[in-house]
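Participant: This is what each chain is made of:
There are 2 protein chains.
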Amino acid sequence: MGEFDLIKRYFTRPTSRAALGVGDDCALLQPAPGMQLAISSDMLVEGRHFFADVDPQALGHKALAVNLSDLAACGARPLAFTLALALPQVDESWLQGFSSGLWTLAEAHGCELVGGDTTQGPLTICITVFGEVPRGQALLRSGAQVDDDIYVSGTLGDARLALDALRGKVALPPDLFERSRIRLERPEPRVALGQALRGIASAAIDISDGLGGDLQHVLHASGAGGRIDIDDAMQFIADGARIAWASGLFSYENLLQCVLAGGDDYELAFTAPASARAAVASVAEGCQTPVHRIGKVEQSRGLRIVDAQGQEITHRFSSFDHFA
Amino acid sequence: MGEFDLIKRYFTRPTSRAALGVGDDCALLQPAPGMQLAISSDMLVEGRHFFADVDPQALGHKALAVNLSDLAACGARPLAFTLALALPQVDESWLQGFSSGLWTLAEAHGCELVGGDTTQGPLTICITVFGEVPRGQALLRSGAQVDDDIYVSGTLGDARLALDALRGKVALPPDLFERSRIRLERPEPRVALGQALRGIASAAIDISDGLGGDLQHVLHASGAGGRIDIDDAMQFIADGARIAWASGLFSYENLLQCVLAGGDDYELAFTAPASARAAVASVAEGCQTPVHRIGKVEQSRGLRIVDAQGQEITHRFSSFDHFA
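Protein sequence lines, in the order shown, are assigned to chains A and B. First residue of the first sequence? That's 1 in the working numbering, and the numbers climb one at a time after it. First residue of the second sequence? That's 325 in the working numbering, and the numbers climb one at a time after it.
By construction, these hints were calculated from the structure, which means they are not laboratory data. For each residue, glycine too, the CB sits at the ideal point set by N, CA and C. No incorrect hints appear here.
Under 8 Å between C-beta atoms, here's a sample of chain B residues computed to sit facing chain A:
#1 D349
#2 P355
#3 S364
#4 A410
#5 V438
#6 G440
Per label pair, the in silico range of CB-to-CB distance:
#7 A:Q299 x B:S424: 36 to 42 Å
#8 A:Q235 x B:V378: 49 to 55 Å
#9 B:A605 x A:R13: 40 to 46 Å
#10 B:R491 x A:G168: 40 to 46 Å
#11 B:R333 x A:R13: 38 to 44 Å
#12 B:S571 x A:M1: 39 to 45 Å
#13 B:A516 x A:E107: 36 to 42 Å
#14 A:G2 x B:D563: 31 to 37 Å
#15 B:G572 x A:K8: 42 to 48 Å
#16 B:D563 x A:A108: 51 to 57 Å
#17 A:T12 x B:D563: 35 to 41 Å
#18 A:E178 x B:G492: 49 to 55 Å
Some chain B residues flagged as far from chain A (calculated, every beta-carbon gap over 10 Å):
#19 M558
#20 N578
#21 P597
Use the sequences and the hints to build the structure in full.
Facilitator: Given below as structure tokens:
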């Protein structure tokens, strides 16, 4: 099968929202009047972002999910995406699985594949995604104000738990492993929540490199600092990580590492004024997405993580840097 | 140097046309009223699209140039681009060269870097480029009409000549090699010509895989066929290839292969009605870009290549397919 047949068979479906889709030199998009186009790009490399033997359907899902998560963090509605794909060889069963995972998520969000590139090379996936957001209403990293509450959606830690298990760093019972692995391999981007938070949240980011590090980007961009209160409850610990800790499979230190610096969660971290608590709760309920208030924006720079004993434990956690 | 310092040092400059550039979850673009956004994405892989020892400045130029060439083929005006980059390691001298080649071309075309991704991995560059074009005026592949003239801009063949020399398939004198190598490594996208052809050309494509194959995409999309007349003059043979042939360094067959199926030319092939000949000539002069009339759109499907003796030689040439 040649390059053009491959594109036609696996990566071409009719478009209705794009003015022109796959098959010409460019795709054409026409944002609605008053809308800005939000654009984000993520590259996934075999051995770095996924293992060679990962289920191709899950990989197709995740490659698009991490990009939709960026749109969610801006409060944008998904519109379209391009896919650039380097493949070591044409493997029809792999392409069938990968494209099926991709299309299922794309169609669930009304996000149309409009173009891209296919080439021979080490397995690499680069998706660029386009969303629309009313002019001036995008959620930015730079809008957090001193005394705003800090929130996180959903739960954190299971993606990292699964990664540690796959790397042989922790031994998990099969059911616990499968439960965590879904969080690593099939993250659900918080697209509805992101859009619903427009006009309510003061700043937002999606958690890809770990809560601590990503939240610091928000605080830095906003010219502020902040505090995360790690209390006994820790309501935003994912089930797998909580069970692994409670079963003695790993330490409290490991637990905090997964939750605060684990990465690959693709939840939203956001800030909002205290006056917006009812609005945040209402939006969370409307989107059927749990949201937890976890700290405060503060004047003095940096992010402090404070444990149940009031001790600052910030220094023990760092986030992911591809070249550090 | 970490990931974020790397982005800040080499890939962040202020934007004026984009509503929001590098540094948030998404970039924001606002096409002018009445404009559509033209989007194209190309991925370049080491060992496939360039050699490991290529001058990084030339590589930075070419990675953007091949994308701008797609905008040119749609008649779009460059606006912005995203860059996703996988690097085996942080090599500051390489990054300095690569980014300098990239910025020089980007700024020459007013095309702003608005976002992207950086990761560790086998050297891979994926650029997605955005241009704007008045609604309904994009040059498509599908607009060619029977009896339209077929044109090609500039000259063809030297990029492939240089590639053959680098691969040891032909031995060139140093001056001839350097002259050809510029065409391979520093293609100049025909951005001004593409825009000037709006309303004149009936269809257009950029020549990346070879004139013959790329022209067939236009004819196929337009539901037509066509003919290229290879006459004695062959005015669109690039100087290097012409000299190599005239000096007996390679055969007439090699010459035609370079010109008709060479690839990497990044010239425009386009069609226009015979009534537009004066307009095409005027536009070409205005853009200081030579344009050659090389054939005709015909009713019967397929592309015929006819030599000076009236013999059809189509079967001897095929274009590039990454998986064939």
